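Sequence lines, in order, name chains A and B. Here this note's numbering runs 96 ahead of the position in the first sequence, where the first position is 1. Here this note's numbering runs 162 ahead of the position in the second sequence, where the first position is 1.
In case anyone wonders, no lab produced these hints; they're calculated from the structure. Some hints could be false.
[Stated by the list, open to error] Heads up, incomplete: computed chain B residues facing chain A, CB under 10 Å, no partners named:
no., residue
1, Arg233
2, Asp236
3, Leu241
4, Phe245
5, Leu263
[To be verified] The list that follows gives simulated cross-link-like pairs (lysine-lysine, DSBU-like), each with its CA atoms no further than 30 Å apart:
no., chain 1, residue 1, chain 2, residue 2
6, B, Lys367, B, Lys229
7, B, Lys342, B, Lys362
8, A, Lys99, B, Lys273
9, A, Lys280, B, Lys272
10, B, Lys229, A, Lys280
11, B, Lys270, A, Lys280
12, A, Lys280, B, Lys219
13, B, Lys434, B, Lys367
14, B, Lys272, A, Lys99
15, A, Lys99, B, Lys229
16, B, Lys177, A, Lys369
17, A, Lys369, B, Lys219
18, B, Lys300, A, Lys280
19, B, Lys277, B, Lys291
20, A, Lys369, B, Lys291
21, B, Lys293, A, Lys99
22, B, Lys300, A, Lys369
[What the hints assert, rightly or not] Between beta-carbon pairs, the in silico distance windows are:
no., chain 1, residue 1, chain 2, residue 2, range
23, A, Ile373, B, Gly231, 26 to 36 Å
24, B, Gly231, A, Val390, 38 to 48 Å
25, A, Met291, B, Ser285, 29 to 39 Å
26, B, Ser176, A, Met372, 22 to 32 Å
27, B, Arg173, A, Leu388, 42 to 52 Å
28, B, Asp312, A, Val390, 55 to 65 Å
29, B, Ser217, A, Ile427, 50 to 60 Å
In this text, all values refer to a predicted model and were calculated from it rather than measured experimentally. Every residue gets a Cβ at the ideal spot worked out from N, C-alpha and C, and that includes glycine.
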Amino acid sequence: MKKLIWLELRKIFSKRLTQFALAVGLLLSALLAFSTWQNKYASDGAGNEGTGRTAVEIDKAVAARYSGILTDEKVQQMIAEIVPESGENGLNAIYLYQNTIQSAVSARFSDINGNWNGLRVSDLFGDESIKIGYVDGWLSTSRNMTSILVAFSFFIIMMIAPVFCGEYSGVDNIILSSKYGRTKCAEAKVIAGIMAALITTAIVLAVNLLMALAFYGSEGLDCSILFAQLTYIEGGIPFNITCGTLLVYQSVLAVTGTIGVTGITLLFSAACKNQMIALVASVAVYALPLLLPVAETSALFRLVVLLPIYHAQFVSLMSVAQMSGILLYAIWAVPAALILIAAGSIFSRRVFAGHQVS
Amino acid sequence: MELSAVNLTKRYGSKTAVNRLNVTLTNGVYGLLGANGAGKTTFMRLLCTVQRPTSGKIDLDGKNIWKLGERYRDVLGYLPQHFGYYPDFTALGFLLYVAALKGLDDRKAKKVSNKLLEEVGLSGESRRKIKTFSGGMKQRLGIAQAMLNDPYILILDEPTAGLDPKERVRFRNLISAYSKDRIVILSTHIVSDIEFIAEKIMMMKDGEIIHFGRPHEITSGIDGCVWECSVPTSRVEQYTASLNISNLRNEENGRTVLRVIADQPPVAGAVKVQPNLEDLFLYYFKGEDEQ
Numbered sequence: 097m098k099k100l101i102w103l104e105l106r107k108i109f110s111k112r113l114t115q116f117a118l119a120v121g122l123l124l125s126a127l128l129a130f131s132t133w134q135n136k137y138a139s140d141g142a143g144n145e146g147t148g149r150t151a152v153e154i155d156k157a158v159a160a161r162y163s164g165i166l167t168d169e170k171v172q173q174m175i176a177e178i179v180p181e182s183g184e185n186g187l188n189a190i191y192l193y194q195n196t197i198q199s200a201v202s203a204r205f206s207d208i209n210g211n212w213n214g215l216r217v218s219d220l221f222g223d224e225s226i227k228i229g230y231v232d233g234w235l236s237t238s239r240n241m242t243s244i245l246v247a248f249s250f251f252i253i254m255m256i257a258p259v260f261c262g263e264y265s266g267v268d269n270i271i272l273s274s275k276y277g278r279t280k281c282a283e284a285k286v287i288a289g290i291m292a293a294l295i296t297t298a299i300v301l302a303v304n305l306l307m308a309l310a311f312y313g314s315e316g317l318d319c320s321i322l323f324a325q326l327t328y329i330e331g332g333i334p335f336n337i338t339c340g341t342l343l344v345y346q347s348v349l350a351v352t353g354t355i356g357v358t359g360i361t362l363l364f365s366a367a368c369k370n371q372m373i374a375l376v377a378s379v380a381v382y383a384l385p386l387l388l389p390v391a392e393t394s395a396l397f398r399l400v401v402l403l404p405i406y407h408a409q410f411v412s413l414m415s416v417a418q419m420s421g422i423l424l425y426a427i428w429a430v431p432a433a434l435i436l437i438a439a440g441s442i443f444s445r446r447v448f449a450g451h452q453v454s
Numbered sequence: 163m164e165l166s167a168v169n170l171t172k173r174y175g176s177k178t179a180v181n182r183l184n185v186t187l188t189n190g191v192y193g194l195l196g197a198n199g200a201g202k203t204t205f206m207r208l209l210c211t212v213q214r215p216t217s218g219k220i221d222l223d224g225k226n227i228w229k230l231g232e233r234y235r236d237v238l239g240y241l242p243q244h245f246g247y248y249p250d251f252t253a254l255g256f257l258l259y260v261a262a263l264k265g266l267d268d269r270k271a272k273k274v275s276n277k278l279l280e281e282v283g284l285s286g287e288s289r290r291k292i293k294t295f296s297g298g299m300k301q302r303l304g305i306a307q308a309m310l311n312d313p314y315i316l317i318l319d320e321p322t323a324g325l326d327p328k329e330r331v332r333f334r335n336l337i338s339a340y341s342k343d344r345i346v347i348l349s350t351h352i353v354s355d356i357e358f359i360a361e362k363i364m365m366m367k368d369g370e371i372i373h374f375g376r377p378h379e380i381t382s383g384i385d386g387c388v389w390e391c392s393v394p395t396s397r398v399e400q401y402t403a404s405l406n407i408s409n410l411r412n413e414e415n416g417r418t419v420l421r422v423i424a425d426q427p428p429v430a431g432a433v434k435v436q437p438n439l440e441d442l443f444l445y446y447f448k449g450e451d452e453q
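Input sequences plus hints: build the corresponding full structure.
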């Protein structure tokens, strides 16, 4: 069985399309990470400003001054010390960006002129303890990974679609007449398909996280995502979790998304006689939830959001009401993915085992 | 061992490809003859469990081959008429893959694969990717994969297609040496291959076996129906249009010797000759889409 799985994996990875798509995925990750890092801008309000590495260093230095638990005193200190230049170009002070901490504090505690808006920490965050610090690097990485993981899902579909139907063009004669063709081979194909999808996802995740570590360092992993620039959609996740927890959730959801999309693709791969049909059908089913007119407030959304595309676009899933403590609703993505992969595995194995050569 | 088809029927919609076929095969080489659409490939696919019969069954020693499952396929080798391959696999890699499907352990798989590559004349090409192979080389690789598990039942659908004469001789020798105490079933376009190798012939027409027996037994059915006659070469076209001619041979004196299949002497002076399988084939399939 191990040998069969290994050979099926080799078959998947020896395909030019797989190699090309993986290379494109990694290149895209590198380009996105580099351009994001290179386009960072920060000013400390004391004459120091810059982009790229300099911006990251300025942001880190500013964040270090206020790191720790967010208090009303710190808010006042930030507003007093990081005063945005007044709107010389007609812009209101709140829209003048200096650095990530200034952006975060202005967005929540300043009025349009950059003065304190009267809100207290408890008004915004209740009795939550918000640890602040340099979170920009990890949140940039999380945002980039969302784009990459959605694109990567389509690569996984391309990689997995031929697993069964790729054999229907003639090799099925040989496979199905061999001893393990209808039994272990089908199992090996399912396992190899899942492994290939997980391996490539793990590579993409690892590459993205390692690049983030190289560009931004490890600071901020234990800081809350709630005190981030409003440009980060992660700020829309209404729970006090750290960047580290966010990345863990995103990685887990990337894996569950991969498992789910693999289940869907295996199913169509076995059922369709043609690779292109399997590919198109898998993509259609995978992307369908995005086209459904289901409002985020609808009860149905709680089910729709458990489908794999929302695992990659994880913010929607993470925004659904918290269950308890650190346990988010997103945890339901795990059984959802398991159901999809179980259905895909069982169905595809049965279809392939019962396949008749035409 | 005994392989029996009992009332075997396969229908595709309204078309019956194999029609209530009954045959029992024991050790030996069986040649399957028939025109296009006679049902040969479908019969072979049913024997190989790549298609399920509409009705009827195939038994190995009295046990249904579908119920035997892996145990049946463990003793089966199959070369399909058209088989796909993995273009980026090497010849050896492909054989090792099929060997794994057949349940051979690593060491045995490598040993047998290399031996078979040598036997089919591909040992020098074992590391080449299949996509660079000619049609004949792919066919030889197909023959090798069918024999990987040293099958007791070997089914070869058009095994000599694409092989040059030298390769065909090599193939015939390989099968002759291999066939002892086994069931080998092969169909081919080339009747002479079957004459050389097959001990028994199954002739199929419209999904049924119309003749089954040793070559001389089944050709005896048309004893007295094959003639040779010498005619002027200038009139050959005229004879070709009206007679069922299995062969013609030009001679130096402006005459041509025709081999004619007919119930009555085709021309005055025609002499009866011993029928062969090609004559038999033409006798039954004249006018059909012959292979």
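Hints and how they fare:
1. Given hint, B:Arg233 at the interface with chain A, holds; its Cβ is 9 Å from that chain's nearest Cβ, closer than 10 Å.
2. Interface restraint check: B:Asp236 against chain A, minimum CB-CB distance 5 Å, threshold 10 Å, status holds.
3. Taking 10 Å as the C-beta contact cut-off toward chain A, the hint placing B:Leu241 at the interface holds, the least distance being around 8 Å.
4. Taking 10 Å as the C-beta contact cut-off toward chain A, the hint placing B:Phe245 at the interface holds, the least distance being around 5 Å.
5. Interface restraint check: B:Leu263 against chain A, minimum CB-CB distance 4 Å, threshold 10 Å, status holds.
6. Under the criterion of a C-alpha separation no larger than 30 Å, the hint pairing B:Lys367 with B:Lys229 is consistent with the structure, at around 29 Å.
7. A C-alpha spacing of about 14 Å is found between B:Lys342 and B:Lys362, which places the hinted pair at or below 30 Å, so the restraint holds.
8. Pair hint A:Lys99 plus B:Lys273 holds up; C-alpha atoms about 16 Å apart against a cutoff of 30 Å.
9. Proximity of A:Lys280 to B:Lys272 is assessed by CA-CA distance (about 20 Å); at most 30 Å being required, the pair is judged to hold.
10. At most 30 Å may separate the alpha-carbon atoms for a hinted pair to count; B:Lys229 and A:Lys280 meet this at roughly 17 Å.
11. Of the supplied pair hints, the one linking B:Lys270 and A:Lys280 holds, its CA atoms being roughly 19 Å apart against a limit of 30 Å.
12. With a CA separation close to 25 Å, the supplied pair A:Lys280 and B:Lys219 stays within the 30 Å bound.
13. About 26 Å separates the Cα atoms of B:Lys434 and B:Lys367, which keeps this hinted pair within 30 Å; it holds.
14. Of the supplied pair hints, the one linking B:Lys272 and A:Lys99 holds, its CA atoms being roughly 13 Å apart against a limit of 30 Å.
15. Proximity of A:Lys99 to B:Lys229 is assessed by CA-CA distance (about 26 Å); at most 30 Å being required, the pair is judged to hold.
16. Restraint check for B:Lys177 and A:Lys369: satisfied, since their Cα atoms lie roughly 22 Å apart, inside the 30 Å limit.
17. With a C-alpha separation of about 27 Å, the suggested pair A:Lys369 and B:Lys219 falls inside the 30 Å cut-off, and the hint holds.
18. Taken as a hint, the B:Lys300 and A:Lys280 pair is honoured in the structure, with Cα atoms around 26 Å apart against an allowance of 30 Å.
19. With a C-alpha separation of about 18 Å, the suggested pair B:Lys277 and B:Lys291 falls inside the 30 Å cut-off, and the hint holds.
20. With a CA separation close to 26 Å, the supplied pair A:Lys369 and B:Lys291 stays within the 30 Å bound.
21. For the proposed pair B:Lys293 and A:Lys99, the alpha carbon gap of about 24 Å is at most 30 Å, so the pair holds.
22. The suggested pairing of B:Lys300 with A:Lys369 holds, with an alpha-carbon distance near 24 Å, which does not exceed 30 Å.
23. Under the hint 26 to 36 Å, the C-beta atoms of A:Ile373 and B:Gly231, about 30 Å apart, fit the expected range.
24. In this structure the hint that B:Gly231 and A:Val390 lie 38 to 48 Å apart at CB holds, the actual value being about 46 Å.
25. The beta-carbon spacing between A:Met291 and B:Ser285, approximately 33 Å, falls within the hinted interval of 29 to 39 Å.
26. Range check, B:Ser176 to A:Met372: Cβ separation about 30 Å, and the 22 to 32 Å hint holds.
27. About 43 Å separates the C-beta atoms of B:Arg173 and A:Leu388, a value consistent with the hinted range of 42 to 52 Å.
28. At roughly 60 Å, the beta carbons of B:Asp312 and A:Val390 sit within the given window of 55 to 65 Å.
29. Checked against the hint of 50 to 60 Å, the pair B:Ser217 and A:Ile427 passes, with Cβ atoms roughly 53 Å apart.
Hint compliance for this structure: every hint is met.
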